[in-house]
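Numbering of the sequence shown is given in my numbering, commencing with residue 99 and proceeding in unit increments.
Among these hints, one or two may not hold up.
[As the list claims (entries may be wrong)] Each computed DSS-like pair below joins lysine-lysine, with the alpha-carbon atoms no more than 25 Å apart:
hint	residue 1	residue 2
1	190	136
2	246	210
3	210	190
4	246	136
5	136	210
[Said to hold, decoys possible] Label pairs and their computed distance ranges (CB to CB):
hint	residue 1	residue 2	range
6	134	154	25 to 35 Å
7	244	217	15 to 25 Å
8	187	120	17 to 27 Å
Everything labelled a hint here was simulated from the structure, so no lab data went into it.
Every residue gets a Cβ at the ideal spot worked out from N, C-alpha and C, and that includes glycine.
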Amino acid sequence: MMEIGSSDLPQAALDRIRDSFARQGLMSLLGAELAEAKAGLVTIRLPFKPDLTQQHGYFHAGGTASIADSAGGYAGFTLMPGDSSVLTVEFKLNLINPAQGDFLEATGRVIKPGRTLTVCQLDVWGVAPARRVHVATGLQTLICVQGKPA
Numbered sequence: 099m100m101e102i103g104s105s106d107l108p109q110a111a112l113d114r115i116r117d118s119f120a121r122q123g124l125m126s127l128l129g130a131e132l133a134e135a136k137a138g139l140v141t142i143r144l145p146f147k148p149d150l151t152q153q154h155g156y157f158h159a160g161g162t163a164s165i166a167d168s169a170g171g172y173a174g175f176t177l178m179p180g181d182s183s184v185l186t187v188e189f190k191l192n193l194i195n196p197a198q199g200d201f202l203e204a205t206g207r208v209i210k211p212g213r214t215l216t217v218c219q220l221d222v223w224g225v226a227p228a229r230r231v232h233v234a235t236g237l238q239t240l241i242c243v244q245g246k247p248a
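Please put together the full structure from these sequences, using the hints given.
Structure (structure tokens):
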């Protein structure tokens, strides 16, 4: 079972997020881990592996974008009704530094919750023992799909 950092969510909501995350084939393929889940805030970590790099040895933007999208999606999902699910409508991600380190850490934070649409801030950091570098930032719009549990 995944260990999730300190949370203010009810156990049922944490279980719903854990179960949904465990069904994400891409997150499993990448080796991503659910690190923290709080109301309106989720963090996902992606450990470095040579298989996740581009031609210069940095994390590939595809991996960076994938964990950012999922972190935001789950952040929004924490605020949605239990009988619903979440889908990304759109997201934009600016890559602001080369993505390198022992792991990437993506945080999704709800900045505008809504009954149908929710907007999230996405941030990704490259983390190594002696440094933490902001490597990507963006915005995401999510839609709450009522009556279709995740």
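Hint by hint, here is what the structure shows:
no., hint, verdict
1, 190 <-> 136, "23 Å, holds"
2, 246 <-> 210, "22 Å, holds"
3, 210 <-> 190, "16 Å, holds"
4, 246 <-> 136, "22 Å, holds"
5, 136 <-> 210, "16 Å, holds"
6, 134 <-> 154: 25 to 35 Å, "30 Å, holds"
7, 244 <-> 217: 15 to 25 Å, "18 Å, holds"
8, 187 <-> 120: 17 to 27 Å, "24 Å, holds"
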